[in-house]
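Given the coordinates of chain Z, assemble chain F onto it according to the supplied hints.
If you read the sequences in order, they're chains Z and F. The first sequence begins at 391 in the working numbering and counts up by one. The second sequence begins at 391 in the working numbering and counts up by one.
Hints are not guaranteed to be accurate.
Identical chains blur together in the list; that is why a pair holds if it fits in one copy or across any two.
Only pairs whose alpha carbons sit at most 27 Å apart, straight line, appear in this in silico DSS-like list of lysine-lysine [unchecked claim]:
#1 Lys618 / Lys650
#2 Lys841 / Lys487
#3 Lys759 / Lys709
#4 Lys526 / Lys463
#5 Lys841 / Lys870
#6 Lys662 / Lys812
#7 Lys865 / Lys852
#8 Lys709 / Lys852
#9 Lys526 / Lys396
#10 Lys484 / Lys787
#11 Lys487 / Lys859
#12 Lys859 / Lys495
#13 Lys709 / Lys650
#14 Lys753 / Lys487
#15 Lys686 / Lys618
#16 Lys759 / Lys661
#17 Lys702 / Lys548
#18 Lys839 / Lys816
#19 Lys839 / Lys554
#20 Lys852 / Lys782
In short, the hints are calculated from the structure, not lab data.
There are 2 protein chains.
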Amino acid sequence: MVMQTKQIRLTDELIQELNMLVDVGMYSSISEAIRDSVRRLVTGREAPIKNLPEKTEKTIQKLDKEVSKQFQKAKGTSDFYPEDMEQRKTIFRKFMKTAENYNFKQIEAPAFENTNLLTVKQGQEIRDQIFIIEKKGSEELGLRFDITVSATRMFIEKQKELPKPVKWFYLTRMWRYERPQTGRLREFYQYGVELFGSDKPEADAEILNLLIDSLQSLGLTSKDFFIKINNRKLLEGLLLDIVNKDIINDVIRIIDKRSKLSDIEFLNELKKLDLDDEKIAKITSTLNITNIKEIKTSDLNEEAENGLNEIKAILNLLKSRKEFIQVDLSTARGLAYYTGTVFECFDKEEKFRAIAGGGRYDKMVEQFKGEPTAATGFGLGYSTLTLLLKEKDLLPKINLAPDIYIITIGDVKQQALELATKLREKNRVDVDLSERNLRNQFKYANSIKAKKTIVLGENEIKQGSYKIKDMKTGKEEEVKL
Amino acid sequence: MVMQTKQIRLTDELIQELNMLVDVGMYSSISEAIRDSVRRLVTGREAPIKNLPEKTEKTIQKLDKEVSKQFQKAKGTSDFYPEDMEQRKTIFRKFMKTAENYNFKQIEAPAFENTNLLTVKQGQEIRDQIFIIEKKGSEELGLRFDITVSATRMFIEKQKELPKPVKWFYLTRMWRYERPQTGRLREFYQYGVELFGSDKPEADAEILNLLIDSLQSLGLTSKDFFIKINNRKLLEGLLLDIVNKDIINDVIRIIDKRSKLSDIEFLNELKKLDLDDEKIAKITSTLNITNIKEIKTSDLNEEAENGLNEIKAILNLLKSRKEFIQVDLSTARGLAYYTGTVFECFDKEEKFRAIAGGGRYDKMVEQFKGEPTAATGFGLGYSTLTLLLKEKDLLPKINLAPDIYIITIGDVKQQALELATKLREKNRVDVDLSERNLRNQFKYANSIKAKKTIVLGENEIKQGSYKIKDMKTGKEEEVKL
Chain Z
391 MVMQTKQIRL
401 TDELIQELNM
411 LVDVGMYSSI
421 SEAIRDSVRR
431 LVTGREAPIK
441 NLPEKTEKTI
451 QKLDKEVSKQ
461 FQKAKGTSDF
471 YPEDMEQRKT
481 IFRKFMKTAE
491 NYNFKQIEAP
501 AFENTNLLTV
511 KQGQEIRDQI
521 FIIEKKGSEE
531 LGLRFDITVS
541 ATRMFIEKQK
551 ELPKPVKWFY
561 LTRMWRYERP
571 QTGRLREFYQ
581 YGVELFGSDK
591 PEADAEILNL
601 LIDSLQSLGL
611 TSKDFFIKIN
621 NRKLLEGLLL
631 DIVNKDIIND
641 VIRIIDKRSK
651 LSDIEFLNEL
661 KKLDLDDEKI
671 AKITSTLNIT
681 NIKEIKTSDL
691 NEEAENGLNE
701 IKAILNLLKS
711 RKEFIQVDLS
721 TARGLAYYTG
731 TVFECFDKEE
741 KFRAIAGGGR
751 YDKMVEQFKG
761 EPTAATGFGL
771 GYSTLTLLLK
781 EKDLLPKINL
791 APDIYIITIG
801 DVKQQALELA
811 TKLREKNRVD
821 VDLSERNLRN
831 QFKYANSIKA
841 KKTIVLGENE
851 IKQGSYKIKD
861 MKTGKEEEVK
871 L
Chain F
391 MVMQTKQIRL
401 TDELIQELNM
411 LVDVGMYSSI
421 SEAIRDSVRR
431 LVTGREAPIK
441 NLPEKTEKTI
451 QKLDKEVSKQ
461 FQKAKGTSDF
471 YPEDMEQRKT
481 IFRKFMKTAE
491 NYNFKQIEAP
501 AFENTNLLTV
511 KQGQEIRDQI
521 FIIEKKGSEE
531 LGLRFDITVS
541 ATRMFIEKQK
551 ELPKPVKWFY
561 LTRMWRYERP
571 QTGRLREFYQ
581 YGVELFGSDK
591 PEADAEILNL
601 LIDSLQSLGL
611 TSKDFFIKIN
621 NRKLLEGLLL
631 DIVNKDIIND
641 VIRIIDKRSK
651 LSDIEFLNEL
661 KKLDLDDEKI
671 AKITSTLNIT
681 NIKEIKTSDL
691 NEEAENGLNE
701 IKAILNLLKS
711 RKEFIQVDLS
721 TARGLAYYTG
731 TVFECFDKEE
741 KFRAIAGGGR
751 YDKMVEQFKG
761 EPTAATGFGL
771 GYSTLTLLLK
781 EKDLLPKINL
791 APDIYIITIG
801 DVKQQALELA
811 TKLREKNRVD
821 VDLSERNLRN
831 QFKYANSIKA
841 KKTIVLGENE
851 IKQGSYKIKD
861 MKTGKEEEVK
871 L
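The shape of chain Z in the complex, shown without the other chains (with noise of 0.2 Å):
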């Protein structure tokens, strides 16, 4: 039964009306009963409600629970404080140094788009998965869950006056809406890249040498993480010659989600495509190929064998980088839109869920209404990346103190926030703001861990001088104001 959401404004009394059919148990909620007025309207028949009951006892806890929940952050998201931002931002630095040395270049989207055009890559199902904006004027609208749809409208916006190829990185946050997990939240952040108007190998070889450089960026080498390499059309050419076409999407939605199913869920999930033994066996024996050299040449239909000489040419191309990469043809990545290249990243004791994952997507220009384009990226997420350099201890150290800070005696504030102005021109400095006596200043101070105080009273403003005193060394040095 095909469903749509309806938004729609009421009085507070009749919301409260309409609380009492709930609460005397007339209906399971709210919506319920709206639903069931639109069919008493639209079918004609007689509303039998007469005499309405208080509301209840039960209503009022709700309601305090409610309340109580109020001043919380959102489910499934994370505040940044100080440290968890500055640790991004080292990390993000570095992603797009390494992004900008490739000669891609950042943009940024709004948060949000049409959902028409958020869903006509995978469908209506996607919509479960959106955070739906309530309509207030003629456009529905819903967070993005990834960039690869925004950027793709924006390349299309300027698709005749770009240079070819065009090469763009992100680093920014989206958003879905499922249970939240370990490494996987409802607001998430994420660097990627799209390259757009390249059908050549080289393009996949850009990417995938961006996506190395990028982790090694970070103090991650080959015996931290690896890359799955796989080929939409070997890997569709190859089924093709096991099972039929129509069941085709089927085996590789299946295949997708191998590495969540235990073998036997697996098998059993293929025999309810009506698949028998035989071939099963044929398939997951094709699965556990690694070696591209496995792969019988001489008998390969055509899908399969443009699907090897692709892969061939990419793994030639990153032949330096041979440790990082692995074929693994039962990386299908689901989604609809990859056309060929697809890969996924992850930690080499695959502990945690893919860090990266992308490939190539040549159909999503033209069905945005775009002109035919080819296209390739990849997108990397923050959450489960931390947790790899967590476990490697290669998260960046963070120091936020202070260079300066400048204690106060007596009455001479102004000059100390003029003197503070000074010294910020290249120095992190903190003054007393709170009219703190000398010993809690001091206090304060030091738990802020500053490198070096200064402190300024009547007499260093007569002097004309002032002592500043490394707080590791005890130094002190003295300085003309």
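Same frame as chain Z, but now just chain F:
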């Protein structure tokens, strides 16, 4: 009449039926149809609908129009293409550096918060300006329209452990549903600070200094901008000597929008409050005070006296910034939560909206159920700022050209990518990814304004060296591979 918004899922069939009721003119919209159906359910009236006509041509046309809108960005939002992004990054980096040197620390908060949290400080009227997210779980969420709310929630969560004062800044975006105008979009970027835990004038002076230094870091001077400063206690105290307490908030609301009204309109608004000409004259002359020495200190009430002392203390601390600051009794900052110092920053000619605004909100932490804590802060909008920078020709000069472009001849793609990787450790390097011929590679290198080019062919590989050419001077240099 207090209204609430409800979401309701209906089957396609029901929606179709409702559409027909709209098409035949029985209701003005589906919403109206649903509302009426609820009224009928509650009041028990009989539904009159009998025979329904066919779907009309009009509906189909409407649908077509909707589809053509699908692939555009949402109204009132901006795409940041590489040049736009680089401009914002350059400006925000300067703000970041300045704020860090003031020992403020960057934070980030989720894009959405519980709507109850969002509305607690400004009341339900603000709801109309919030992008509200359709409820999927038990939470009702909305996109935040400022970050003060989120920062206050975050402060309260760690209130006990954080050394006070807490000095935070942010560079982030917010969302507000309103008619898009010049310098005012539905998605907008802000720079701002919050300082929790000091009720002293030093804290206000600190953020005003920071605001001034931040704008100066972009090349703006006292010839370009100035800050109007006022104190809510002073204003309210002075007004209390003229009008009754019960209309004081109304008077301040009118004062707050004075800049948008003509003199006549302003007077008429005040007259609507039943104020006589003498009182109105007194109000006007109070608002025209631009020097605190004009205020007679002899007969001030307590509130006005407190406010006057606060503003005096701040002006004294900011002596050396005199040329940036102007007392203006008419600066009210309508928002109900300001408690003391208030200020707004404008371009010198007041051609644009306020560039920044802020002040003290000493009651908010308490209102959010935290331990009572004084607080002050400001917010600065990126959009209006860029209008001013543009006019003053101070927008950062953007150069996104790569340092080196590698042109390839023959089958040396793999070696070219490896050379690129090496050079990318220290340079912005691009390389042919489209297998273009030599002529087109040169053309492309020109179109992206590469500073230097390298030609790499089989000869160069054999010789183990290549030439790097400066595209401006034409000078070539031989480099070992």
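Taking the hints in turn, this is what the structure says about them:
1. In the homo-oligomer, the alpha carbons of lysine 618 and lysine 650 lie at most 27 Å apart inside one protomer (16 Å), although the nearest pairing across protomers, at 61 Å, exceeds that limit.
2. In this assembly of identical chains, lysine 841 and lysine 487 lie within 27 Å of each other by CA distance solely across copies; the values are 18 Å between and 29 Å within a copy.
3. Taking identical chains as interchangeable, the C-alpha atoms of lysine 759 and lysine 709 are never at most 27 Å apart, the minima being 37 Å within one chain and 61 Å between chains.
4. Taking identical chains as interchangeable, the C-alpha atoms of lysine 526 and lysine 463 lie at most 27 Å apart whether they share a chain (25 Å) or sit on different chains (16 Å).
5. For a Cα distance limit of 27 Å, the shortest separation of lysine 841 from lysine 870 inside one copy, 20 Å, qualifies, whereas the shortest one across copies, 46 Å, does not.
6. Within a single copy, lysine 662 and lysine 812 get their C-alpha atoms no closer than 74 Å, and across copies no closer than 51 Å, so neither meets the 27 Å cut-off.
7. For the homomeric pair lysine 865 and lysine 852, the shortest alpha-carbon distance inside one copy (23 Å) is at most 27 Å, but the shortest distance between copies (60 Å) is not.
8. Proximity of lysine 709 to lysine 852 under the C-alpha cut-off of 27 Å is restricted to the inter-copy arrangement: shortest distance 19 Å between copies versus 71 Å within a copy.
9. With identical chains, the CA atoms of lysine 526 and lysine 396 are at most 27 Å apart both within one copy (12 Å) and between copies (13 Å).
10. Taking the shortest Cα distances, lysine 484 and lysine 787 sit within 27 Å of each other both inside one copy (14 Å) and across copies (23 Å).
11. With identical chains, the CA atoms of lysine 487 and lysine 859 are at most 27 Å apart between copies only, with a shortest distance of 24 Å across copies and 36 Å within one.
12. Taking the shortest Cα distances, lysine 859 and lysine 495 sit within 27 Å of each other only across copies (24 Å), while inside one copy they are farther apart (44 Å).
13. In this assembly of identical chains, lysine 709 and lysine 650 lie within 27 Å of each other by CA distance neither inside one copy nor across copies; the values are 31 Å within and 67 Å between.
14. Neither within a single protomer nor between protomers do lysine 753 and lysine 487 lie at most 27 Å apart by alpha-carbon distance, with minima of 30 Å and 43 Å respectively.
15. Taking the shortest alpha-carbon separations for lysine 686 and lysine 618, only the intra-copy value of 21 Å comes in at or below 27 Å, while the best inter-copy value is 78 Å.
16. With identical chains, the CA atoms of lysine 759 and lysine 661 are never at most 27 Å apart, being 39 Å at best within one copy and 58 Å at best between copies.
17. For the homomeric pair lysine 702 and lysine 548, neither the shortest alpha-carbon distance inside one copy (33 Å) nor that between copies (54 Å) is at most 27 Å.
18. For a Cα distance limit of 27 Å, the shortest separation of lysine 839 from lysine 816 inside one copy, 18 Å, qualifies, whereas the shortest one across copies, 34 Å, does not.
19. In this assembly of identical chains, lysine 839 and lysine 554 lie within 27 Å of each other by CA distance solely across copies; the values are 14 Å between and 51 Å within a copy.
20. Taking identical chains as interchangeable, the C-alpha atoms of lysine 852 and lysine 782 are never at most 27 Å apart, the minima being 55 Å within one chain and 41 Å between chains.
Consistency with the previously given hints fails for numbers 3, 6, 13, 14, 16, 17 and 20, ordered from lowest to highest.
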